[in-house]
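There are 2 protein chains.
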Amino acid sequence: MKIAVLGGTGNIGIGLSMRLSIAGYDVIVGSRDEKKAEEKAREYMSVLESMGYENEIGYASNRKASELCDVAILAIPSDYIFSTAESLKDVLDGKIVVSPAVPMKKEGRTFYYAPPPEGSAAEKIASILNNSQVVSAFHTIPARKFADMKSVFNWDVPVCGDGEAKETVMEIVNSIDGLRALDAGPLSSSRLVESVTPLLINVALRSGMKDLSIKFV
Amino acid sequence: MKIAVLGGTGNIGIGLSMRLSIAGYDVIVGSRDEKKAEEKAREYMSVLESMGYENEIGYASNRKASELCDVAILAIPSDYIFSTAESLKDVLDGKIVVSPAVPMKKEGRTFYYAPPPEGSAAEKIASILNNSQVVSAFHTIPARKFADMKSVFNWDVPVCGDGEAKETVMEIVNSIDGLRALDAGPLSSSRLVESVTPLLINVALRSGMKDLSIKFV
Numbered sequence: 001m002k003i004a005v006l007g008g009t010g011n012i013g014i015g016l017s018m019r020l021s022i023a024g025y026d027v028i029v030g031s032r033d034e035k036k037a038e039e040k041a042r043e044y045m046s047v048l049e050s051m052g053y054e055n056e057i058g059y060a061s062n063r064k065a066s067e068l069c070d071v072a073i074l075a076i077p078s079d080y081i082f083s084t085a086e087s088l089k090d091v092l093d094g095k096i097v098v099s100p101a102v103p104m105k106k107e108g109r110t111f112y113y114a115p116p117p118e119g120s121a122a123e124k125i126a127s128i129l130n131n132s133q134v135v136s137a138f139h140t141i142p143a144r145k146f147a148d149m150k151s152v153f154n155w156d157v158p159v160c161g162d163g164e165a166k167e168t169v170m171e172i173v174n175s176i177d178g179l180r181a182l183d184a185g186p187l188s189s190s191r192l193v194e195s196v197t198p199l200l201i202n203v204a205l206r207s208g209m210k211d212l213s214i215k216f217v
Numbered sequence: 218m219k220i221a222v223l224g225g226t227g228n229i230g231i232g233l234s235m236r237l238s239i240a241g242y243d244v245i246v247g248s249r250d251e252k253k254a255e256e257k258a259r260e261y262m263s264v265l266e267s268m269g270y271e272n273e274i275g276y277a278s279n280r281k282a283s284e285l286c287d288v289a290i291l292a293i294p295s296d297y298i299f300s301t302a303e304s305l306k307d308v309l310d311g312k313i314v315v316s317p318a319v320p321m322k323k324e325g326r327t328f329y330y331a332p333p334p335e336g337s338a339a340e341k342i343a344s345i346l347n348n349s350q351v352v353s354a355f356h357t358i359p360a361r362k363f364a365d366m367k368s369v370f371n372w373d374v375p376v377c378g379d380g381e382a383k384e385t386v387m388e389i390v391n392s393i394d395g396l397r398a399l400d401a402g403p404l405s406s407s408r409l410v411e412s413v414t415p416l417l418i419n420v421a422l423r424s425g426m427k428d429l430s431i432k433f434v
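The listed protein sequences derive, respectively, from chains A and B. Okay, so the first sequence: first residue is 1 according to the numbering used here, each after it adds one. Okay, so the second sequence: first residue is 218 according to the numbering used here, each after it adds one.
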C-alpha cells in the first residue's frame with residue numbers, strides 16, 4: 001500500500017515517514033517543493049540505514065504524491081491544510097485522506113480549540129474533498145518525540161471516520177510500534193479528539209512535562 | 218478541612234465520599250433528602266470499617282452540608298447541577314465549589330459535548346455562583362470503578378480554575394490514591410476537559426474496554 005505523507009518534510013510528517021516505512025509501507029514524502037521532498041527522503045533513508053534498514057522512501061511534489069498514493073496523510077500545518085486540500089481535490093478523488101489537523105487559538109498563555117463552522121477540521125476537509133474518504137487520526141502525537149527514532153512511547157491514537165477507510169487507517173496506526181489505534185466514532189466526533197491537543201499543550205506548559213500524549217486506561 | 222460531597226449518595230459521589238474520608242478529610246455526604254444522606258453515610262462507614270478504618274462520615278441536606286463545608290463538590294447529574302447551584306447560591310457564598318459537570322448529548326450511538334453558551338458547564342456555574350471560587354475537576358473519573366473500593370487505578374485529573382482555590386482542589390485530588398492532579402489552566406479551559414468525557418464514552422462503547430479514564434504520558 002502506497003502512503004503519501006503530504007508535508008512529510010516537517011512536524012509530524014518526519015516521524016510518520018520513517019516509522020511507516022519501517023512498518024513496511026511504501027512511503028512517498030510529499031512537499032510543495034519537490035527538491036525539499038527529495039532532500040528529506042534521503043535524510044530519512046540515511047537515518048533508517050543507521051538503524052540497519054535498507055528501505056527506499058519515495059519523494060514527490062504534494063500533487064504528484066497524491067496521484068501516486070492509495071492513502072494520503074495531510075501532515076500539513078492547520079493554517080494551510082484547507083487550501084492545500086482545495087488545491088489537491090482532483091488528485092485525491094476516491095482516495096483515503098487522513099487529517100491530523102487541530103485548529104487552535106491562543107489567549108494569554110492558554111490554548112483553546114477553534115473549530116471551523118463545519119464542527120471540526122476533519123469535517124471541513126471532508127466537505128472540501130467530498131469524493132475522498134476522510135478519516136482523522138494522529139492529532140495527539142507530539143511531533144518532536146515522534147521524529148526522534150530513539151524515542152520509546154506508548155500512546156493511544158483515537159481514529160474517527162466511517163467504514164473500511166477507518167479500518168484501513170486503524171491498521172496503519174497499529175503498524176507503528178508504540179501506537180494503539182482506538183475507534184473514537186464517526187468523522188463528526190473528530191471535534192472531541194481535535195480538542196484534546198490544546199488540553200495537552202496547556203497541561204504541558206503548566207506541569208513542565210514535555211511531549212505529552214494520551215493513554216486511555 | 219470540611220468537604221461537602223453534594224449528591225454524595227450516587228454516581229461519582231460514592232467514591233469521593235469514601236476516598237476523601239480515607240485521605241483524612243472531614244466529609245459530609247449531602248443529598249436533597251437528608252434521610253438518604255444518612256443512610257448512605259452509614260453504608261460508606263461500614264464499607265470503610267470492613268477495610269479497617271473507623272472514620273466518621275457526616276451527612277446533611279445539600280443546603281446544610283453547603284453551610285457547614287469549606288469546599289463543596291457538586292457531584293450532581295448535569296441535568297440538575299445548574300438548578301441546584303442556583304438554589305444553594307446563598308450558602309455557597311465565599312466557598313470553593315468544584316464542578317465535575319459534563320453536558321452531553323447523544324446522536325445515534327455517539328456522544329457529543331454540548332456546552333452551554335457560557336462556554337462550559339464550569340463557567341456557567343461560576344456565573345451562577347458569582348461569589349464562590351469555582352474550580353473544575355473529576356470530569357473523567359469513571360464512577361462505577363471509582364466507587365468500588367477494591368479498584369486499583371492510575372488516572373490523571375485535569376483541574377481548571379484560578380489562584381489558591383485551584384491549588385486547594387489539586388491537593389484534594391492528589392490526596393486520593395491513584396489520582397494525579399494536573400493544572401489544565403484557567404476555568405475557561407474547562408471546555409477542553411469536559412469534552413474528553415464523551416470521547417472516553419465513545420471509545421469505550423466501540424472498544425469494549427470499560428471504566429475508561431485518561432493518563433497523560
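Since the hints were derived computationally from the structure, they do not count as laboratory data. Misleading hints may appear alongside valid ones.
Unchecked claim - Label-pair distances were calculated between CB atoms; the ranges are:
| id | chain 1 | residue 1 | chain 2 | residue 2 | range |
| --- | --- | --- | --- | --- | --- |
| 1 | A | K215 | B | P294 | 22 to 30 Å |
| 2 | B | Y297 | A | K2 | 27 to 35 Å |
| 3 | B | D250 | A | V217 | 32 to 40 Å |
Since the model is a prediction, treat every value here as computed from it, not as a measurement. Ideal Cβ positions, reconstructed from N, Cα and C, are used throughout, including at glycine.
Now the hints, each set against the structure:
no., hint, result
1, A:K215 / B:P294: 22 to 30 Å, "holds, 28 Å"
2, B:Y297 / A:K2: 27 to 35 Å, "violated, 54 Å"
3, B:D250 / A:V217: 32 to 40 Å, "holds, 35 Å"
When held up to the earlier numbered hints, the structure conflicts with hint 2 and nothing else.
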